[in-house]
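Chains as they are written, first to last, in the working numbering: chain D, 137 to 474; chain F, 137 to 474.
If you are wondering where the hints come from, they were derived from the structure by calculation, not from laboratory data.
Check before you lean on any hint, since a few could be wrong.
Remember, identical chains collapse to one label, so a pair may be satisfied in a single copy or spanning two.
Below, computed lysine-lysine pairings styled on DSS-like, alpha-carbon distance capped at 25 Å [what the hints assert, rightly or not]:
no. : residue 1 : residue 2
1   : Lys448    : Lys158
2   : Lys345    : Lys318
3   : Lys403    : Lys328
4   : Lys183    : Lys198
5   : Lys345    : Lys291
6   : Lys448    : Lys291
7   : Lys380    : Lys198
Being a predicted model, the structure only gives us computed values, none of them experimental.
2 protein chains.
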Amino acid sequence: MPLDPWFTMYKDKILKHLISSKNGFTSGAELARGLHITRAAVWKHIKTLEREGYAVEAAPSKGYRLLAVPDILLLDDIKQGLKTGTIGREIHLFPELVSTNALAMEMASTGAADGTVVIAETQTGGKGRLGRTWISPKGNLYISVILRPGIPPHKAPLITLMAAVALTSTIRQRLEVQAGIKWPNDILISGKKAAGLLTEMRAEPDRVKHVVLGIGINVNMDMAELPVPLRKLSTTLSAETGKKIDRTVFLQQFLVELDSWYQLFLKGGAAVIEAWEMFNITVGNRVAVSGPGETFEGMARGIDTDGRLILKLDDGTSRQVAAGDVTILKNRDMKNAE
Amino acid sequence: MPLDPWFTMYKDKILKHLISSKNGFTSGAELARGLHITRAAVWKHIKTLEREGYAVEAAPSKGYRLLAVPDILLLDDIKQGLKTGTIGREIHLFPELVSTNALAMEMASTGAADGTVVIAETQTGGKGRLGRTWISPKGNLYISVILRPGIPPHKAPLITLMAAVALTSTIRQRLEVQAGIKWPNDILISGKKAAGLLTEMRAEPDRVKHVVLGIGINVNMDMAELPVPLRKLSTTLSAETGKKIDRTVFLQQFLVELDSWYQLFLKGGAAVIEAWEMFNITVGNRVAVSGPGETFEGMARGIDTDGRLILKLDDGTSRQVAAGDVTILKNRDMKNAE
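Please put together the full structure from these sequences, using the hints given.
Structure representation (structure tokens):
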């Protein structure tokens, strides 16, 4: 339903009144007088707010009182006090997108600035790595960041690593939850997926024109929104902390962290790789890699300066892995050790 | 001027008549009768053909005779008898584009098939490597090919090498001109630029989604169309052979050659690298490389399996170069040898 802008304006003004009077009541007569509308019109706007998820108590003779606000992101709130250098100088927020990455890639091609951020409340065609679907219900964070780092394409995996470090650091410091990075692009908590990264780029063979860094974070979603097979493999920040997360605050904290790590990355990848090794849960484990057309196992030894996983194979040789799905063979290792 | 389709149809029918009667005359009365139009209308269509570049002799009592056809590409001619597997299964031809690569990148993003070819007679915003301008007057070939090779991004330089091999091979075999490849993306004849390549891709860090291979070939252009400083650095196939090149035939020959080399590339890069080393004029020479933020010299020793140039520096160490502009220091070498 397209909203009459005047209607929206009145509704927003009523909302501001209710918010500013905190837990107190505001009378319908007062609201009507202040806005020069009828009391019936005030009532109509209150009903609209309720449909949008606001809980409003209406008490005869007392008036209206705000009980709860819906969990929606507001651009002003996100920008409010956001202290970043590059990331988020421009932010675009949408209730729904096919895919934040797809829009960001388009915006990047037509000149959007370094650090531009695209956020959606839900995605109807969210994508994971290798063209897989990223189920995107409400209550989470779906973020894409346009970056113009001036690197050759073979350095692009470091962008994924850098973002993984920033996100893991935010989760550990702000929520005090022991998140870890599974190479190349998953953030796990207690062995379950809490977030995923999808880096895409447009490049010439020797030069990246732009990168879009996509980040999907399971924050407050209802796990019932996921298909059954995914539920036991996934978790949310809310489930891990036992409380509802303020997405706006967490988003701001993450953007600030990402901004610092991006600056560090631009000065050279060493700090990123060092932090990554600290936060990662892949290195030191026996892993199975299923890559394009083959599957093999080995001990994960570290990552190289291009962000490739270094495996020691059973025949003693080393192998650098640029692509593939990694399974950490912890149980198998324990079995071997028995 | 938007053309009336009926008008175009009559004009094309008259053209077919003139072409089919080879060097003979066709009377205006006969053309008028055949098309059920007036002789004045026939005359009007003949004038239009002349404006398009056809030379038509009009002799009283004899009629009309075709003396010369303009040098324009026609889609039917290009497709006629084109025997390729993947490349050119779909061909899009335009009198003018901003950039064949830009359109092809867009088409690739929206699902265009592997091997789709985009051709323009001229480009108003043609691009070379690193965002440079590629001056694109009429008479040449401006081709972009959409490829979906399923390779990791660090293998993308091999696509440029593969195309350089295909084009050099076509020039050498079909025109008997000694073209050579200057790493990474130029085709030179007698030390002057005859063609350039621009590979662009959309990729995830471990997987290329699509590549657009752009090829600009100086075929028949008037050198006066180039800015003065470029004239002494450039040449055309026509200037090197001393005759006007049939662009349609050459284009077909190149697409066939590209198709075979692409199949070879998909089976593994070894054959491409071997052929590249045979056709290249960089390896074995002392070169100066000006890369991002630095310039250095060394002996070009070969290319590695990712298509990077291997340099032996003066301190005896080796260096693999992924990006940069290469100047071949032949004269300097000769001076050194004196």
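Status of each hint after checking the structure:
no.: 1; hint: Lys448 x Lys158; in the structure: neither (61 Å within a copy, 73 Å between copies)
no.: 2; hint: Lys345 x Lys318; in the structure: between (27 Å within a copy, 23 Å between copies)
no.: 3; hint: Lys403 x Lys328; in the structure: neither (33 Å within a copy, 39 Å between copies)
no.: 4; hint: Lys183 x Lys198; in the structure: within (17 Å within a copy, 88 Å between copies)
no.: 5; hint: Lys345 x Lys291; in the structure: both (13 Å within a copy, 17 Å between copies)
no.: 6; hint: Lys448 x Lys291; in the structure: both (22 Å within a copy, 23 Å between copies)
no.: 7; hint: Lys380 x Lys198; in the structure: neither (31 Å within a copy, 92 Å between copies)
The structure fails hints 1, 3, 7 (numbered hints given earlier, in ascending order).
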